[in-house]
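**Student:** Residue-level listing of the chains:
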Amino acid sequence: MRQFFFALFQSGHKQILPGFRFSITATLLWTGFLIVFPLSTLLIKPWQDGFGTMLSALHDGRMFAALWFSFSCAILAAICNIPFGLMLAWALVRAQLPGQRIADALIDLPLALPTAVTGITLATLYSTHGWLGAPLSQLGITASYGRLGVILALMFVGLPFVVRAVEPVLRTLPHDLEEAAMLLGASPRQIFMRVILTPLLPALITGFGLSFARGIGEYGSVIFIAGNQPFKSEIAPLLIVVRLQEFDYTGATAVALILLAISLLALFLVGLIHRRFSLWNEPA
Amino acid sequence: MSIEICDLVRHASDSRQVLLDHVSLEVPKGYFVALIGPSGAGKTTLLRAIAGLDPYDSGTISLDGRIVTDIQARAGKMGFVFQHYALFPHMSVAKNIAFGLNILPARSRPSRKEIAARVQELLDLMQIPDLGNAYPARLSGGQKQRVALARALATHPQVLLLDEPFGALDPIVRRSIRGWLRDLHDRLGLTTVLVTHDQEEALDVADRVVIMQEGRIVQNASPQCLDSHPATEFVMEFLGESVSFSGVIHNGQMIPDEKTAFPFAVPDSWENGPIIAMIRPYEINLLPPDRQTDEQTNRQIVKIEAIPRGFRNGYRHYTIQLKERTIPFFVAQDAEIPTQPNGVLVGIGLDVSRARLFRPNI
Amino acid sequence: MSRYLIWVMSWLFIVVMLVIPLVLVLTEALRNGFLASMKTLYTPDALAAIWLTIRVTVVAIIINTFFGTLAAWVLSRFRFVGRQTLLVLVELPLSISPVVSGLLWLLLFGAQGWFGPFLERWNIHIAFATSGIILATLFVTLPYVVRTLIPVMEIQGRETEEVAVLAGAGFWRILWSVTLPSIPEALISGILLTTARALGEFGAVSVVSGHIPGETETMPLRIEDLYNGYQSVGAFTMATLLAIMAMLTVLLRTAPDWACYLWKKDP
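Residue numbers (the working numbering), protein chains in the order written: chain R, 1 to 284; chain F, 1 to 362; chain V, 1 to 267.
If we strip away everything but chain R, and leave its shape as in the complex, we get (with noise of 0.2 Å):
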């Protein structure tokens, strides 16, 4: 630990530029106490209640209820963005959409829009007498206290990051290479799978896994117009709240390691699918 400190003075020691001692243990301190000491407690906790504990909180149907119920709705929510960023994308780039800056704009509300006000909104939006699920309900659709309502609400916070991650692909893409194609004799419908969709793919890939990452791990934005009932409509952070209410720790801790798990698992899949993609953009 000693020498590692040591070697890390070192290695900055060399540059000229002044401040790295003082700013390197800044950082240190704090990382360190707000991320990695928080944090050791998570990856710590299991051990020490004995792992018996920790796999009898495993052993819990309602948990792995939960988290299923939250995967598949972020799944399913990150996946319906995909058509929606790219149209929103694509409208904001090439198509010159009149009003284009309040839309773009607009796309950001999401993320501006705090998550509790998202939920409530939400909530009432889409209840059997809202503005949206009255005549939801007319066509014999219940969007609230369900899963329609949940992935509506993911859908909700995870459109900006679908958009940005496309946008600015898009943008640096050129337009000769359609030009190009057309030339060469490809169909309309040949020039945007092969020519548009392929380059923008590690995009779309990306802003896939951010819009799930965010959404497996949700919370505000969804517990309003879930219906929280436990094994149906519960999603994994509210079991978590109801663990701690409950004084279980134990089992909080349980479902908090796996939603990590999950979400960091994801966004490390896309790192990896980046990097293979980057090969295109890299010089030989």
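Below, a sample of chain F positions facing chain R; criterion: calculated Cβ distance under 8 Å:
{"no.": "1", "residue": "52"}
{"no.": "2", "residue": "53"}
{"no.": "3", "residue": "71"}
No lab work stands behind these hints, which were simulated from the structure alone.
By construction, the Cβ of each residue, glycine as well, lies at the ideal position given by its N, Cα and C atoms.
Following the hints, position chains F and V against chain R.
**Tutor:** Same frame as chain R, now just chains F and V:
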């Protein structure tokens, strides 16, 4: 202020590649030295090491005989001009220039009035007296260049370090600012080190030219000496267009392999063996048909033709087709030589006796 | 043709998904008239919630901007052992569920936590108290300033800073009068993102706060309380206020852009 660099070595941090390979260099006080070489030769690395911006593994750098290690020892004593100027974008030109003065501790800092006067003095010196309130983004390349120079000179440094300062300027501005810079150097009594990849610029402006290749100094000489006595084929090649003839030395005579080039006498100090002769295109002579010596008559005469290719820089350009290659050949524009009606020059051989000789690497 | 189809579909989607919810917040808040909504804000619990939210946000901004700037400096200007790890660490809170972020602090300082009982003996309360809310907010807002500064500082390069070092400037001088002034947009953007998130954080704060009205309830928690108590007008009035605060900060980020657009000037 003189600069002595002694046995400087630096490796790239993440590989075993040598960036500076035992570099030693002395820059006497008041000299204008140009560091030139192809990209990756280590010239910028050396310059940054002198400034204290880059670390090195071993060796020493001394200023006026005193070894300096950290950058604090050099603060304010050295002016450094970056290739892309590195002007502070959020400060006006005057603030940029005054930066080095404004940050001095209160007791050694000149008064506000003195600083303003110094800034104006520098603006005048740079011939941009009215730009004090402008922001860098609005300036042209040449103006930015002058501001960067003014900023570097604000604290009265005795050493000026310039990293490809003319790289981003267009050719006309480049030529005029070059002469002006030399003038400034002389007037302020600076010691200047200039990094450039343009040999013409270096030969034009510097007292001494240091040629670097792969982290080593290949030659350090005056421009005249470089031209007459290049140390290696690389230096010869780097300084300008050249044509090489391989051949052998035999009893005080250089005998080119290509029969179109005539043998010529070399100093006795050259021993027998293979040799490479390199020559500038304008130093080649085309021997006219009527000049045949006894010796030459013994050889089989091949008529060669020089095809005109237009004019450049006061020279008539020709190309000569040899057996296996085409070589350039220049004649001063006002030289009186008989030409064919179509402009073609005819000769019986090439006189390359003004070539520099190099032993080929074995 | 196909372009018009895209226009119509895009705006339809934007209106249904984004505009209608926004309109709904306002309508619900003003259902009984403006005065009635204002009255709901003028209650001790509501005022306490607003005040607490502002305090927590200011602390989060100060601490995370100060350390975030230093971290951005060290991560963008130096190459050292463990740099990659630090880069991952400072981004980590973004990928952790807010509820988990809150849970972490309970595991540390809760009644059953590692240090909870110990601190309890010294009469220091962190869980279910303001300090817990601050810690949770610090955790979730930690990445924003660093993350917006690092890429911009990487692009900006270090040449101007080298000029300053050569002129004899010290660390604080360089940071304060060379580095930060040349990237004001990024710094402000990072601070505003921190603000927006700190104002609106719900999950993490909800776990550590204990929901004591008038004491440990921030604005989002107050909204939840009111909504679950069927006080729709109060909930949506508070929601409107919070949304305006958060959205203003986000809009401010693009303010220079908008100004250029309105005055038809080049950025």
